[in-house]
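Q: Chains as they are written, first to last, in our numbering: chain F, 1 to 210; chain W, 1 to 210; chain V, 1 to 210; chain U, 1 to 210; chain D, 1 to 210; chain S, 1 to 210.
Just so you know, the hints here were simulated from the structure itself, not pulled from any lab data.
This one's a predicted model, so the numbers in the text were calculated from it and none came from an experiment.
A portion of the hints provided could be inaccurate.
Same chains, same label: a pair holds when it works inside one copy or across any pair of copies.
Stated by the list, open to error - Below, simulated DSS-like cross-link-like pairs (lysine-lysine); rule was C-alpha separation at most 30 Å, straight line:
1) K55 <-> K81
2) K197 <-> K159
3) K140 <-> K120
4) K162 <-> K95
5) K39 <-> K147
6) K147 <-> K81
7) K81 <-> K162
8) K159 <-> K49
9) K140 <-> K159
10) K162 <-> K195
11) K39 <-> K81
12) K173 <-> K140
13) K81 <-> K43
14) K162 <-> K43
15) K159 <-> K147
16) K49 <-> K95
17) K140 <-> K41
Number of protein chains: 6
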Amino acid sequence: PEIFDNEEYQEHDYAGVVTGLAWTQFGGEILFIESSLSKGKGKLTLSGKLGDVMKESAMAALSYIRANAEEIGIDYRLFDKYDLHVHVPAGAVPKDGPSAGITMLTSMASAFTQRKVRDKLAMTGEITLRGKVLPVGGIKEKLLAAKRAGITDLIFCYKNRKDIEEINQRYLKGLNIHYVDRADEVLQIALMPQKVKGARQFELEDVKKD
Amino acid sequence: PEIFDNEEYQEHDYAGVVTGLAWTQFGGEILFIESSLSKGKGKLTLSGKLGDVMKESAMAALSYIRANAEEIGIDYRLFDKYDLHVHVPAGAVPKDGPSAGITMLTSMASAFTQRKVRDKLAMTGEITLRGKVLPVGGIKEKLLAAKRAGITDLIFCYKNRKDIEEINQRYLKGLNIHYVDRADEVLQIALMPQKVKGARQFELEDVKKD
Amino acid sequence: PEIFDNEEYQEHDYAGVVTGLAWTQFGGEILFIESSLSKGKGKLTLSGKLGDVMKESAMAALSYIRANAEEIGIDYRLFDKYDLHVHVPAGAVPKDGPSAGITMLTSMASAFTQRKVRDKLAMTGEITLRGKVLPVGGIKEKLLAAKRAGITDLIFCYKNRKDIEEINQRYLKGLNIHYVDRADEVLQIALMPQKVKGARQFELEDVKKD
Amino acid sequence: PEIFDNEEYQEHDYAGVVTGLAWTQFGGEILFIESSLSKGKGKLTLSGKLGDVMKESAMAALSYIRANAEEIGIDYRLFDKYDLHVHVPAGAVPKDGPSAGITMLTSMASAFTQRKVRDKLAMTGEITLRGKVLPVGGIKEKLLAAKRAGITDLIFCYKNRKDIEEINQRYLKGLNIHYVDRADEVLQIALMPQKVKGARQFELEDVKKD
Amino acid sequence: PEIFDNEEYQEHDYAGVVTGLAWTQFGGEILFIESSLSKGKGKLTLSGKLGDVMKESAMAALSYIRANAEEIGIDYRLFDKYDLHVHVPAGAVPKDGPSAGITMLTSMASAFTQRKVRDKLAMTGEITLRGKVLPVGGIKEKLLAAKRAGITDLIFCYKNRKDIEEINQRYLKGLNIHYVDRADEVLQIALMPQKVKGARQFELEDVKKD
Amino acid sequence: PEIFDNEEYQEHDYAGVVTGLAWTQFGGEILFIESSLSKGKGKLTLSGKLGDVMKESAMAALSYIRANAEEIGIDYRLFDKYDLHVHVPAGAVPKDGPSAGITMLTSMASAFTQRKVRDKLAMTGEITLRGKVLPVGGIKEKLLAAKRAGITDLIFCYKNRKDIEEINQRYLKGLNIHYVDRADEVLQIALMPQKVKGARQFELEDVKKD
Ligand SMILES: [Ca+2]
Ligand SMILES: [Ca+2]
Ligand SMILES: [Ca+2]
Ligand SMILES: [Ca+2]
Ligand SMILES: [Ca+2]
Ligand SMILES: [Ca+2]
Ligand SMILES: [Ca+2]
Ligand SMILES: [Ca+2]
Ligand SMILES: [Ca+2]
Ligand SMILES: [Ca+2]
Ligand SMILES: [Ca+2]
Ligand SMILES: [Ca+2]
């Protein structure tokens, strides 16, 4: 049974698209978190059949970004002048849990900064409001799914290190595993210094001309 | 049992009306997505007994259009000064699922641009926020329903090609099948360069005179 | 069992009151759709124990009127400066289904234009956003109820013609049946050129003097 | 079992307080509808454990009053500058149904005009948006409850006349029964020309001084 | 089983804190209603696991206060410039019913006027929108609970007098019982002429300086 | 079964992060309440799978802070110009009850003042709107969990003193227990005079420059 469409690895050509890892009863799966901005009034829209915990996870990620906008390099006026939509395909598959927290964080931060996401990178981990990264479950299955999909770099919480160490070494070959404790470490690893090709120019002044 | 009123093919004389394809337990059906704009404040109304997944699908399509307004040729002020209503007759038939994503996209884009939709065209496919088109189910039944209704051009996701190739060749005769990967390809195929006859002139400045 | 209060035919002295036809398990019934405007901010209120499909039907009718205001002869500022209330007595009887679509359309259009509704007229038919009229069920029972109530003119969808042709000719005597395909045909038949006696004068400028 | 506190008749010293009649499984009861205005922004609050039909009934009564403000003698600016609260004690007793429609109408109209309600008057009847009064059930029990409470004047719908005529004549002695067809007749009977003692002076201009 | 924390009597040092009486299946209990104002826009917040009837009771009390602000001595601008929060500890105990009506009224009125609440006073009674006080149940148990807690003054509805008269005289010793019919009598008994120590100074003009 | 991730004691380097104590069916647990401010319009967001009682608890804490802003040293304009988000990890664990009241109070007050929270401190206790602290359950299990986590200072309600006195003395060794009656005592114990390192500078004037 194929729950998510098991797409091969994709280059991160779009700002706001980040690869996450899900655990299902049939094994691990990769999924994509997509964030998109459009001129608006600061509304947040969440879609993709997300459960309440996953929605709260997105809200925590956004609050972290808003509270740390300056450090991340985001002009805070963006939050008022653009609407943010976060979508997780496939649209008909129910999704829940807090483990997409750091993926949502990275997706939103990339959309707001238009910085390119590191190629062949995937991640999983809960995020708290103050930016702490918490461990999550299903690590082995997630890692295997990432490998099958061509991922080479993975971000996990330090507290998940013990789960990785229980995995047979040969599965880890060819994988760079980054352990993190805090949200700023995630962004430092995941976001490239350069912007995506054709990065959007946000209009911050006088959006409403009439 | 006739769930949808199985109307013969109709010319696309109206901007905002696009033919989609549905799968029901009694076979494939064609359906129509209607988008309409009226002076307002940017409100989105969805009707036609749509389930949550289908509503989120419409929201993703709209966010894609808003984020790519310039490329599609839409003055972004339209989003603030007009309300958008998307309706899917028949009103008493429950509908759900993500497969109307690209049909909704095309319907909205046609309403905003007033460009004519290609005649005798139908389509099915999920859309994601970044404009990726995902494969959907029920391809054979949908194709047959389209053919019965007089459709000659069909848009599917590339990943549904394998489903088409399993269909007996004689059913495909007289059908032009367009495979797409991205939303901009859908719009390029579906929207004619010219506007519909009697295209509406949107008022973008000073809508409220008092 | 008398579900609706089976009132005899009433002259259409009030703008915004239109006779519809309902199907119940005890036979056909006539019902009245009432639309009323009061100074406000463009709010829509629906009452009369209406189900979701009937509410969406009202929303589609209103969107059609808003998108075609100029053709119908309505100053679009009315939509911003007045609230619209649509009520369907009797208040304790649950009602649902899309078949009151064209009745709601006519009721709203009469309220906005203050044009008189044709005497002894009743109608039934679903309306879509683009103004297409769709066939509905229970035609025979509805026709008989209309006749009992003294109705002489009836509007149906063209696609319901086959249902009428199955009715014994003697029941059709004395009835003018109008078949329509589109909303503008409905309004042309149902609304008289003249306004009702004591038609309201809407205030369009400077409603809020303070 | 005493569901409502069976208060003896009360003089209508307060604007906005009107006696209605309810039917319960233990017989008829009188109840009071209270309407109160306070400076605000036009919000409507309904309380007293009211069911949806009774709430819609209140909304229809208010829309009728708003649409006919001039005829009733209400400055329409009141609707924007004051909040209206309608409460039906006792607060813990669930109430529903459309039969309090004309009582709510009278209560609201008295609150807005500050006109005194006729002494020893009670009423029951559904109201529609256009001001039509519809018949209701439980007439005999309601009449007896009113008599027990000292009521001398009663308002019913003309179509309830047949229910009254089935009641033994001796119960009707000492009662003036007013039959009505329309909302304006109700108000003409129920509201005295003079205002209540200590009638409120509404502030219509410049409510917000800062 | 101790449902409420059975606190001994407390002096009313805070404006907005009033002692009420509840009936539970284990006997009577005292409870505290707390009202607090903070700069805002006129929002009402209710908390303490309150049921719908108790919430509506609070709304009726507030509407009475708003409609009679001048008589009570409240500058009506307070309602727009401050938010009101009414809380009933303990937060985990579900509470419902209309009998806290006059306690809520007194709590709110004390918060708005900053007048001190009479020491060693408790009360129970439903309030209606026009300020009528209605009788409630559980009088004997409530009186005993008040006495245990050191209460010396009690306010009841006149119609509850018969319930008091059925109580053995020796329980009533040392208790002053005040019977009331109307909300203004409640406030006259419950609120002292003087303000609490350290009464708040409300800012009524120009709250928003920017 | 490990419900909360049993983290060792953490220094309170962040403003707005406070250690609370929870009771679960498997024993006591420490948890963290996180409060974060971002430029906004005064919206309150609560997350972490919180039940209604816990949400109301947060609302009561916030109202207390707003009503006593001056005493606590908070410029009231912060409440209008910043949004407050309170989150309680782990995001997937359901939490309810009023016992986190004083922890939420301290977390919010630290976020608004940017004052450092005392190191190695934990607390539990319900808070009411007027700032009264109420006793809570599970004291022994909570104390043991705190000790295991390296906590040295604990805040409880005075009325929980009897629960502490029933605990074997040797468990209390090395613990400073602070008993409180009121919210201001909590803040005096919990908040250090100095601000956290890198304390945020809030912008109070002219947040919206356009
Ligand atoms: Ca897969
Ligand atoms: Ca998870
Ligand atoms: Ca069909
Ligand atoms: Ca589908
Ligand atoms: Ca009938
Ligand atoms: Ca129908
Ligand atoms: Ca009674
Ligand atoms: Ca009734
Ligand atoms: Ca107790
Ligand atoms: Ca009660
Ligand atoms: Ca643990
Ligand atoms: Ca608790």
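Q: Work down the list of hints and note, for each, if the structure agrees.
A: Comparing the hints with the structure gives:
no. : hint          : in the structure
1   : K55 <-> K81   : both (22 Å within a copy, 24 Å between copies)
2   : K197 <-> K159 : between (36 Å within a copy, 26 Å between copies)
3   : K140 <-> K120 : within (18 Å within a copy, 35 Å between copies)
4   : K162 <-> K95  : both (26 Å within a copy, 27 Å between copies)
5   : K39 <-> K147  : neither (37 Å within a copy, 41 Å between copies)
6   : K147 <-> K81  : neither (39 Å within a copy, 46 Å between copies)
7   : K81 <-> K162  : neither (44 Å within a copy, 44 Å between copies)
8   : K159 <-> K49  : both (29 Å within a copy, 22 Å between copies)
9   : K140 <-> K159 : both (14 Å within a copy, 29 Å between copies)
10  : K162 <-> K195 : neither (35 Å within a copy, 36 Å between copies)
11  : K39 <-> K81   : both (6 Å within a copy, 13 Å between copies)
12  : K173 <-> K140 : within (14 Å within a copy, 43 Å between copies)
13  : K81 <-> K43   : both (9 Å within a copy, 17 Å between copies)
14  : K162 <-> K43  : neither (40 Å within a copy, 40 Å between copies)
15  : K159 <-> K147 : both (21 Å within a copy, 22 Å between copies)
16  : K49 <-> K95   : both (6 Å within a copy, 16 Å between copies)
17  : K140 <-> K41  : neither (41 Å within a copy, 43 Å between copies)
Going through the hint list in order, the structure does not satisfy hints 5, 6, 7, 10, 14 and 17.
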